[in-house]
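Student: Given only the sequences and the hints, what does the whole structure look like? Please build it.
As given, the protein sequences belong to chains A and B, one line each in that order.
Here our numbering is used: the first residue of the first sequence is 789, the next is one more, and so on.
Here our numbering is used: the first residue of the second sequence is 789, the next is one more, and so on.
Each hint should be verified, as a subset may be incorrect.
It does not matter which identical chain is used: a pair holds within one copy or between any two.
Derived DSSO-like pairs (lysine-lysine); straight-line CA-CA distance at most 30 angstroms [claimed, not checked]:
1) K1030 <-> K887
2) K956 <-> K813
3) K1075 <-> K932
4) K821 <-> K1030
5) K1094 <-> K1167
6) K1224 <-> K1075
7) K932 <-> K908
8) K1094 <-> K1153
Rather than coming from a laboratory, the hints here were simulated on the basis of the structure.
Number of protein chains: 2
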Amino acid sequence: MKNEAITSREVDFAKWYTDVVRAAKLCDYSSVKGCMVIEPNGYAIWEKMQRILDDKFKELGHSNVQMPVFIPESLLKKEGELVEGFAPEVAWITMGGSKELEERLAFRPTSETLFCDYYKDHISSYRDLPKLYNQWCNVVRWEKETRPFLRSREFFWQEGHTIHETEKEAIEETNRMMEVYKWFHHEVLAIPSVTGLKTEKEKFAGAEFTLTNEALMYNGVALQAGTSHYFGQKFAKAYDVKFLNKENKQEYVYQTSWGTTTRMIGGLIMVHSDDYGLVLPPRIAPKQVVIIPIGNDEKVNELTNKINSELNQNNVVSYIDNTEKSPGFKFAEAEVNGIPVRIEIGARDLANNTVTVARRDTREKMTIEKEELTVDYIKNLLETIQKDMYERALERRDKLTFTATNLEEMENILNTQPGFIHADWCGNEECELKIKEIKGCKSRCVLENEPLVTGKCVCCSKEAKYHVLWGIQY
Amino acid sequence: MKNEAITSREVDFAKWYTDVVRAAKLCDYSSVKGCMVIEPNGYAIWEKMQRILDDKFKELGHSNVQMPVFIPESLLKKEGELVEGFAPEVAWITMGGSKELEERLAFRPTSETLFCDYYKDHISSYRDLPKLYNQWCNVVRWEKETRPFLRSREFFWQEGHTIHETEKEAIEETNRMMEVYKWFHHEVLAIPSVTGLKTEKEKFAGAEFTLTNEALMYNGVALQAGTSHYFGQKFAKAYDVKFLNKENKQEYVYQTSWGTTTRMIGGLIMVHSDDYGLVLPPRIAPKQVVIIPIGNDEKVNELTNKINSELNQNNVVSYIDNTEKSPGFKFAEAEVNGIPVRIEIGARDLANNTVTVARRDTREKMTIEKEELTVDYIKNLLETIQKDMYERALERRDKLTFTATNLEEMENILNTQPGFIHADWCGNEECELKIKEIKGCKSRCVLENEPLVTGKCVCCSKEAKYHVLWGIQY
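Tutor: Structure (structure tokens):
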């Protein structure tokens, strides 16, 4: 049955989103304005995201470190564009104990400055390069409007900061890490994201260029989830990060940074979930299978325990719900919490040598022979669900992807059903700003490898330089 | 050979400690006063500590969450003793962007207040209890004097906060978690810590009682590493955390909190390391075995790769050092970094059908038959090292554990060779303060289960109530 606590996705998407977040107990507002409490169900998803990404980072030779959470104002100000970009959002620590601080400290909004400040004293020759460091931490940006996971004053992320001997190496790293984010979205989160280049206006403050990973939500709104930046020697010059190169000359390092955040959890919800609650792709679900015994019957308990231990021994995260709630209540709870597969084992079914298996994504209930219920059956089902969820998300994305050749077409699309819009652009910021006037539609990314649509700018119809993907964003 | 970068432990212990921290690249000071940069070698130890403790916490039914990093001043002030205890050490956020905040925010020094504030809106009946939450996070305490890992303005820890239906359950949890810390110190860190009860003066601000885990460093100075607090209903009353009990009456919850921090890394160093650098017990060493091929020889590389992959396939973390440095340099580096076992494989040795295995803890070099070099041989060696390190630490601790029956004896001990001192106490705070005048010697913990030494207070020689362990602390 429909979950009464959840507004229909078709009626009010924003309300639906917060209802799902609450009903699935993922996170809650706190009495600290703009900050969230990530609850066990939500944090378990973040822990799994961290584990999978962290293993991949390390596989590629990265090490984790921890820089201080504070940035002295003078240090932050050394790179002008960065300060300009973040100044309005910085939270300032001005007192330690009862004493006024001599210099106020920023709560890190991002840590390029701290990594540069560290690197400058810890490298001297090309033999010390590359340095491939990453940190998992909290950052603060003083947002006015906040929404669970999507935008909050404190959020959690991973920020990689690497320095290299050559531009080539650093650009390869920038691309490599964007590929990791793309892989993670497609293969783990079942989200068919689009990657491309940010425009000058949208790129990270201080970066030479920014690669971005853009996902399309069920309602056609875009979510930026994962960016990778190439800084060239800009920060290195501002923070004096030099090394002796192979030609025995002093040279500034070439730098990258890349990050992704807890907002991916928001994306996961807005791509896959439904009016019955959370829906999770099996590969990211902290709990993949729930087994619900119906009635207290020896044979039932026997089979329940057997299949549960077999699954866990074979790397399927399964658990038995033997709380005192009613079966119906347990079904609904497993559904709202997005457990991908539910196994119901009852005495009457067993008498007929059958058990029931339910898919969360399609809500299909299948009655199968007891003997069919094997580890392989469940593993295959989980992989099928993963694949089907990706396919449905891809279908949805394509259904909400349009092409516009002039402003009027663009306006019509955005007024009827927003989505990704392919349209050519002359490269002129004025056109970008003019397009933004339509419901705040922004360039998501430049698709460098795709041919132009018409060859004429969608806005000024002058000659187009770029094939751009546009959309309204969170 | 002795590492030139490291001052001898016997000459200047404090200098030796910071030298080891730097030489092993564990952490470094940052240009943010009082804050440290935890470098890859140091952070890898913390990650392994986190993984082992976190698995144990979850095994015991705890879930991880994330509370906000900020605490509004009004919220912090609701529990008087807590504020008094932490007020002098709080860092305050007073500005968001360019705006002065209406209410200043504390950077969490600890999160009892936030957990209470959350719990009060998320429980209503005994059916919602217990709540067993934990979080891994950064906290800030505005310390004046700081030392790497031991005392820094920002540090990293785990804080468990649980609420229960009955006093009995909550006290059981308080004891259970202290047992976990004790287990971790003895079985994983090879540190024979002593656990007991803090005195009224030394207990956590606002706690009914505090259990502590006290380790003795090589120089006889004590380090508190892990505390578990029972709050009774004190915070519950201050923050109005009520539930409907089985008798259908409103009752305040019974609460605990328990935490341990990155300072354990400092303890690990000060108990086990030596003048040659870091020494790590195999169970906590991020890298357990290094294999160093000598010369580029086909047979050498063959065996090197074979043993390395066999070890890694059998859950021994092993790696090959095939950088371009000289073998001697590699040996020294493995030594200063505290890799428990070093395997040296050279063409000449292989011709004699032998390889060399070196223990970091004893620095013994063993020449063994090539056939002896098996996964079992290395696994046994690692376990022997773990056991031996614990035994040596225990011997050292016992050698530095004394008994005093009066102040003069206590003074003599502290002036010649500090350590743990067993002595009776009347329970009077005046005596505690008088003893503190001797080189800041403090009660480490009350040993409730141990009989009195003499029955007379070591200070006032009036009738003693407690058998207390005393010592100078970090």
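Student: Each of the hints needs a verdict: does it hold here or not?
Tutor: To see whether the hints hold, each was checked on the structure:
Neither within a single protomer nor between protomers do K1030 and K887 lie at most 30 angstroms apart by alpha-carbon distance, with minima of 37 angstroms and 37 angstroms respectively. Proximity of K956 to K813 under the C-alpha cut-off of 30 angstroms is restricted to the inter-copy arrangement: shortest distance 29 angstroms between copies versus 46 angstroms within a copy. Taking CA atoms no more than 30 angstroms apart as the test, K1075 paired with K932 passes in neither setting, with 35 angstroms inside one copy and 46 angstroms between copies. In the homo-oligomer, the alpha carbons of K821 and K1030 lie at most 30 angstroms apart only across protomers (24 angstroms), although the nearest pairing inside one protomer, at 42 angstroms, exceeds that limit.
For the homomeric pair K1094 and K1167, the shortest alpha-carbon distance inside one copy (16 angstroms) is at most 30 angstroms, but the shortest distance between copies (33 angstroms) is not. In this homomeric assembly, K1224 and K1075 never come within 30 angstroms of each other (Cα to Cα): the closest approach is 42 angstroms inside a single copy and 53 angstroms across copies. Taking identical chains as interchangeable, the C-alpha atoms of K932 and K908 lie at most 30 angstroms apart only when they sit on different chains, with a minimum of 27 angstroms there against 35 angstroms within one chain. In the homo-oligomer, the alpha carbons of K1094 and K1153 lie at most 30 angstroms apart inside one protomer (21 angstroms), although the nearest pairing across protomers, at 50 angstroms, exceeds that limit.
Violated hints, listed in ascending order, are 1, 3, 6; each of the other numbered hints is respected by the structure.
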